[in-house]
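Enquirer: These are the residues of each chain, in order.
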Amino acid sequence: DSGVTQTPKHLITATGQRVTLRCSPRSGDLSVYWYQQSLDQGLQFLIHYYNGEERAKGNILERFSAQQFPDLHSELNLSSLELGDSALYFCASSDAQGTNEKLFFGSGTQLSVL
Amino acid sequence: DQQVKQNSPSLSVQEGRISILNCDYTNSMFDYFLWYKKYPAEGPTFLISISSIKDKNEDGRFTVFLNKSAKHLSLHIVPSQPGDSAVYFCAAPPGNTPLVFGKGTRLSVIA
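First to last, the protein sequences are chains Z and H. Residue numbers for the first sequence follow this note's numbering, so the first one is 368 and each next one is one higher. Residue numbers for the second sequence follow this note's numbering, so the first one is -6 and each next one is one higher.
The shape of chain H in the complex, shown without the other chains (with noise of 0.2 Å):
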């Protein structure tokens, strides 16, 4: 049973587009989402997180956006470069224990 669910698999973007990637959820009761960024060889590295009593955090080119209502949140990058070309994992803490993560969105950015 997947709590945390990011269900495009991969999604291809021109370099200067926006990239938006999605994640939805199912346990009401998170309150925090982090997004990591993983590059091929390597293991993830954290990005950006937002806190329940916020609906947008940015942090240079990388904004999430949640909407708790619809259990949805989504990674937005402008512009989106070609070194931005990885796999995006969105996750939550589910209370006070390890996090967990979708299976992640591979992002390519064509030149």
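Only chain Z is shown next, with the shape it has when bound in the complex (with noise of 0.2 Å):
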């Protein structure tokens, strides 16, 4: 167990529509970050954010936004869905402000858009 966690496991729905997907990432870290994996694609980064504030953005479509909150658990949107966003979605955290190793990771949110 990471201690990291992500709600929910999987998430099914329809094209065009918004959906949300949760981070707790684990105690004491400081930063989350959302990554996406295609079936054809390794880990591709999205966005990093430190402490409620944004830190890097990677390949992030201008259709999905994130946010760390107060209590330091982030949230991915992602509206209006294409068929091509089919994917698993995991978030990680660490300690670190912007050096990266040792990420510890979710378990993941297997989205299928429909």
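By construction, these hints were calculated from the structure, which means they are not laboratory data. Just so it is clear, the structure is predicted and the values come from calculations on it, not from any experiment.
Covered, in the sense of this in silico footprint (three residues per stretch, anywhere, with C-beta under 8 Å from a C-beta of chain H), are these stretches of chain Z:
{"hint": "1", "region": "415 to 428"}
{"hint": "2", "region": "469 to 475"}
Simulated restraints, written as ranges between beta carbons of each label pair:
{"hint": "3", "chain 1": "H", "residue 1": "Gly53", "chain 2": "Z", "residue 2": "Arg430", "range": "42 to 48 Å"}
{"hint": "4", "chain 1": "H", "residue 1": "Glu8", "chain 2": "Z", "residue 2": "Gly395", "range": "38 to 44 Å"}
{"hint": "5", "chain 1": "Z", "residue 1": "Thr380", "chain 2": "H", "residue 2": "Glu51", "range": "42 to 48 Å"}
{"hint": "6", "chain 1": "H", "residue 1": "Ile11", "chain 2": "Z", "residue 2": "Asp438", "range": "44 to 50 Å"}
Here a beta-carbon is modelled for each residue, glycine too, at the ideal position from N, C-alpha and C.
Put the complex together from the two separate chains, hints included.
Expert: Right, here's the structure in full:
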């Protein structure tokens, strides 16, 4: 158990809809990262938050947004969903501010867009 | 543009033999590399890392070798066990930014 909690584990929705994925980092970790894993891709970095502030953006679509709340949990919002958004979404946390060794990953949310 | 490449999507090895997983990178500024292991229905977990000041790092049955001139690293698992069957990701931090990962190699260890 990594200590990172992601909910829900599975999500099935239709095109055009909006969903919210939730992540609770390990106790004490201030950094939260979101990654997307599609079928033929590795882990693609989406966005990084540190102590409530956005620190880095990766290949995140404009239809996607995220935030980190004062209690340090994070939410990833995906809107106007398309079939191609079907993927495994991982949240990871660390106690580091910028460097990224030893990220601790949650078990992921499997999103299926039908 | 993939900065970290794992060109073998899968690998099958017999139990007790050596497993060698390979990773190539394009950015010569990378100075730290990590390997993560992922079981089905779980998130990736950190396995082993290596700094560019070393060419080898060992942790039990797992050894990572780094060849900076070739921009290549490899993970050796000796002896391989059925419980090692998983997807292995190579990763590196491009400067002070989040980790970039390869596409992974699925290792199957056959009893």
